[in-house]
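Protein chains in written order, with this note's numbering: chain S, 383 to 883; chain U, -8 to 390.
Please note that the accuracy of each hint is not assured.
As the list claims (entries may be wrong) - Which stretches of chain S does chain U cover? Using the computed rule of at least three CB atoms under 8 Å from a CB of chain U, they are:
1) 442 to 456
2) 552 to 562
As the list claims (entries may be wrong) - List time: in silico EDC-like cross-link candidates among lysine to aspartate or glutamate, alpha-carbon distance up to 20 Å:
3) U:K292 - U:D311
4) U:K55 - U:D344
5) S:K789 - S:E657
6) S:K491 - S:E412
7) S:K544 - U:D344
8) S:K544 - U:D339
9) S:K544 - S:E830
10) U:K192 - U:D339
11) S:K820 - U:D108
12) U:K192 - U:D111
13) S:K820 - U:E109
14) S:K820 - S:E830
As the list claims (entries may be wrong) - Examples of chain U residues toward chain S, derived with CB under 10 Å:
15) P249
16) H251
17) D315
18) I325
19) F328
20) W330
21) G333
22) D339
23) P343
24) D344
25) L346
26) L349
27) R352
28) S354
29) A356
30) R359
Derived from the structure by calculation, the hints contain no laboratory data. Model, not experiment: these values are computed from the prediction. Beta carbons are placed, not taken as given, at the ideal position from N, Cα and C, and that holds for glycine.
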Amino acid sequence: MISNWPILTIITFLPMIGVAFLLMIRGDEEVVARNARNVALWVSGFTFVISLALVLNFDSQAIGYQFEERAEWLPGSGISYHLGVDGISMPFILLSTFLSPLAILASWKAITHRVREYMIAFLVLETMMVGMFASLDMLMFYLFFEGVLIPMFIIIGVWGGKRRVYAAFKFFLYTLLGSVLMLVCMLAMYIDAGTTDIPMLTAHGFAATMQTWLFLGFLASFAVKVPMWPVHTWLPDAHVEAPTAGSMILAGVLLKMGGYGFIRFSLPMFPLASEFFAPLIFALSIVAVIYTSLVALAQSDMKKLIAYSSVAHMGFVTIGIFTLTEQGVAGAMFQMISHGLVSAALFFCVGVVYDRLHTREISAYGGVAAVMPRYAVFFMFMMLASVGLPGTSGFVGEMLVLVGAWKASSWVALFTATGLVLGATYMLWLYRRVMFGKIVSAEVEAMEPIGRREVMIFVPLTVLVLWFGVYPASLLDVMAGSIQVVLDSVAAGGAFVIAGR
Amino acid sequence: MEAVFLALVLMLSIFLGFELISKVPATLHTPLMSGANAISGITIVGALTAIFAATVGMTQFDIKRVIAYSTCSQLGYMFFAAGVSAYPAAMFHLTTHAFFKALLFLGAGSVIHALSDEQDLRNMGGIWKKIPFTYAMMWIGSLALAGFPFFAGFYSKDMILEAAFAAHTPVGNLAFWLGCAAAFLTAFYSWRLLIMAFHGKPRASAEVMSHVHESPLVMTIPLFVLSVGAIFSGWLGYELFVGHDMARFWGDSILILPEHTAMENAHHVPKWVKLLPIVLAASGVLLAVLCYAVWTGIPAKTARALSPVHAFFFNKWYFDELYDIIFVRPAVRIGAFLWQRGDRDTIDGFGPDGLSGLVVRVSAAASRLQSGFVFHYAFAMLIGVVVLVTWYYLRFGGM
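Turn these sequences into a full structure, and let the hints guide you.
Here it is, written out as C-alpha cells:
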C-alpha cells in the first residue's frame, strides 16, 4: 500500500538519484548533452507522477499534517528529521514538481553548453524546493530554504545573459542578508522553546516582545524572497539575466517561499506581532502594487516588464495574507499558485521569441501574431490570466484578496484595486506592441511558428490555469481546512498571550 | 464575419453596462455623491454623449466607424433617459436599437464584402443597383435609427425625448434640446452614409466594381430577420415597455422613486414636443440629400470654411489626445521616474550597490595599512602599548 511508503522522502530525494545518473554519464559532449536532457526530463517527470500520489491520498477533511515522517537526526537536541504536508504546503509541492519538467523541457534547445551541469543544477533545485515545502522541522526548513539559493545562483551566474554575474551576486547578497537575520531568530526560538519542531513551535506561544523581534527577523528574510518593496530590486535583474527556465522556476516557485513562510511561521507563531505589523505590510504592499505597476509600464524590456508585474502580483499576496481573514489568506494562496503557473508561462512566452530573435526589446517586435498565430493564442490567454480575467485562475485569487482586503479596510481594497487597472494597462499594451501592428522587420517575418515541444509546455499550463479559473473549489477545498487552522491559532495565540500577561 | 461578431459583442456589452447604470442610481446615496447629484451627472453625461458622438459620426469616412459613433450617440440617449428616471424608456430604446443597429452593422458588412473589403466611404458609391437587397436593408435600418414614424426608433427615441422634456428640470431640458439636435444629426449622417455608399458615380476601381455582388444567403437571411425587428419591434413593444402594460411588464425589477414623475408625464407633453423630432429628422435627410446628391461641392467647402470646427469633430473632439496627455504620458513618465530615480538611484544606489561599493572602498583603505615595512608595524605596536598602559593606569591607578 502506497500510504506506508515514505512518500515525501521519495519525492524530495528522487531528483538526487537523477543527479547520480548524470554524474555517471560518459562520452563525448554531444552524447552527454543528449543523455543529460533525457535523464533530467524523465527523472523530474517521474517525480511529478509520484507526487500525484499526494493529491490522490490527501484527505482535505483531516486536521493537521499528513504523510508525516519522523526520524532521529540529532538525538536529544529537539531537532529531528520531520516531514509532512497540509493543505498549504501540498499545492506548492505539486507546483514545484509540475514546473520542473516543464522548465527542463523549456531549456531543451536554448542551453547548449555544460548541459549536464545545468541539468544537475535543476534537479538539485527541485530537491531543495520540495524539501523546503515538506519540512516540518525549522532547521531542515532553513537548510532547504538556503539550499535553493545555490543552484539558482549557479544557473543565473553560468547560463545567464550579459550582466549575469552582477545579477547573481545581487540575488545572493539580498537573500543571504535577510536569511542571516532569520537564522538568528531561529536560534533564539530554539533556545526559548527547546525544539525546532514546527508543530511544537506553533503551540509554544512566544512572549509578546519576543514576537515583535522574531517577526521582524523573519520579515527580513521573507520580504526579500516575496519580494516586497523596497527590497525587490534583485528580482528584475535576476529575471532579465536568468535563462528562460531559470526565470520560470524563480517566478513560479521561489517567489512563493516568502508567502509560504509568512503563512507557516509568522502568522501562527507570532500572531500578536502579525496583527501589530499588518498595517506596515499593507503600506509596503500597496506601494509595491502601484509603484511597480507604474515601473512596469515604463519598461522597454519584455522580461523586465513581466518581472515587475510579478512584484505587483506578489503585493496582492502579502496583502491577502495579512488581512488575517479566511478569504484573504485563501486568496493569497490561490494567487500564489495561479501566479506560479501564469508567470512561468509568461516567462516562457518571452523565451520563445527570445530564442528566435535574441532580443527582449519590445521595439524589436511587432506583428508577431501574423507569423506565429498559435503562439499568439497562448500568449494572449496567459496575458489575460495575468490581468485577472474571469474564467482564469488569476481572477479567483485577486477577487478573494480584494474581498479579504475590504474586510480589513476599504482603503486597502481601494488602493489594491488600482493595481488591477494598471496591470491590465501594461499587459495589454505589451501584447499590442509585440503581437499586433505591422510586421516590423524581415527577421520578425522569418520567425518560425511554435513547434511540438513548445506546445507541450504551453498546453498543461493553459489547462491548469483554465481549470482553476473555472473550478476553483478543487484547490480551495484542499486549502480551506489548513487555512482555518492557521487563522484559529492566530486568534487563539493572541488570546493566550494576552491572558498570560 | 467580424461584423457579426462585433454586432453580438456590442449588443451584449451595451446591455450589461446598461443594466448596471439603470439599477444603481435609485439606490445611490454615498456622502460623496448624493442620489440627486448622481442622476444629474448621468443626465448631463448622457446628453453630451449623444451630441458628441453624432458630431463625430457625421465627419467620419470609415463606414463602420460612422455606425459605431452612431451607437455611442444612441447610448447617450439611453443614459440621459436613465438620468431622468425614465428607465423603462431607456430599456425600450436599448431593445429596439439592438435590432436596427445590428442590421446596420451587418448591412455595412455586406457592403464591405461586396466591395472586396473596402471600408472607406470615399471609395464607394454607385452600387445600389448591384446589391439591391442590402440597399433596402440599409434603408430600413436608417429609417428606424432616425426615428421615422412607425419604424422601431420612432417609438423608443421619441419616448426618451418626451420623458426628458417632461422631467421639467434644467438638466432634463438640456438633455431634451441636445437630444433633438442629435436627432437632426442622426438623420443627416445616416443619409450621408446611404448616399455615399450606394449612389453617385462609382469611386471604386473597375477591378473592384466588376466583382460587386449581392451577399450569399448566409448573410442576407440574418439581415432580413433583423429588418423585421427594425420595423416592428417599436410598435410591438410600446405598450409593454412604456405604455399601459408597463407596470405588469416590469413588476419589481425597476424601482422609480415616486418624486421622479418624468415617465408618467411623458405621455402628456405638448403636441410640438412629439412632432419636433420627426421634423428635425426629415430636415436632416433633406440636408444630406442636398449636400451629397444635389450640390456635391458643399461638404468640402463647408469643411474648408469651418476647418477648425471640422478638425475638432473629425478628431473626435481630441479625446484620444486629451487622455494621452492626462493619463497615458504621465503614467509612463512617473513609471520611468520611479524606475530610474527610485529603484536604480535610491534603492540600489544606497542598498546593494552602495554597500558593495563601501566594502570595496573600506577594504582598499584597510589594505593600504599593510605597508610591509617593519618599522610601520613596530610604531603601531608602540602606540598600542602606550594607549593600553595609559588606560590601565587611569582605570585602575587609584587601587
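Practice problem: Closer than 10 Å between Cβ atoms is the bar; does D344 of chain U clear it against chain S? Give me holds or violated. | Solution: holds, 8 Å
Practice problem: Return the status of the interface hint for I325 of chain U: holds when the least beta-carbon distance to chain S is below 10 Å, violated otherwise. | Solution: Where the cut-off is 10 Å and the nearest Cβ of chain S is about 5 Å from I325 of chain U, the hint holds.
Quiz prompt | Straight-line alpha-carbon gap K544 of chain S to D344 of chain U, limit 20 Å | solution = holds, 18 Å
Quiz item: Does E830 of chain S lie within 20 Å of K544 of chain S when you go C-alpha to C-alpha?
Solution: This hinted pair is violated, its Cα atoms lying about 25 Å apart.
Quiz item: Does E657 of chain S lie within 20 Å of K789 of chain S when you go C-alpha to C-alpha?
Solution: holds, 14 Å
Quiz item: Taking the closest Cβ pair, is D339 of chain U under 10 Å from chain S?
Solution: Given a least distance of 5 Å, the restraint on D339 of chain U holds.
Quiz item: Holds or violated: L346 of chain U as interface residue toward chain S, Cβ cutoff 10 Å?
Solution: Where the cut-off is 10 Å and the nearest Cβ of chain S is about 8 Å from L346 of chain U, the hint holds.
Practice problem: Hold the hint about S354 of chain U up to the distance rule: shortest CB distance to chain S must be less than 10 Å. | Solution: violated, 16 Å
Self-check item: Closest C-beta approach of W330 of chain U to chain S relative to 10 Å, hint status
Solution: Status holds, d = 4 Å.
Exercise. Classify the hint on P249 of chain U as holds or violated, based on whether any CB of chain S lies nearer than 10 Å to its CB.
Key: The hint is violated - P249 of chain U has no Cβ within 10 Å of chain S, the shortest such distance being about 32 Å.
Quiz item: Does K192 of chain U pair with D111 of chain U here, judged by a C-alpha cut-off of 20 Å?
Solution: holds, 15 Å
Quiz item: Can we keep the P343 of chain U interface hint, with Cβ of chain S closer than 10 Å?
Solution: holds, 5 Å
Of the numbered hints stated above, those contradicted by the structure are hints 1, 3, 4, 9, 10, 15, 16, 17, 26, 27, 28, 29 and 30, listed in ascending order.
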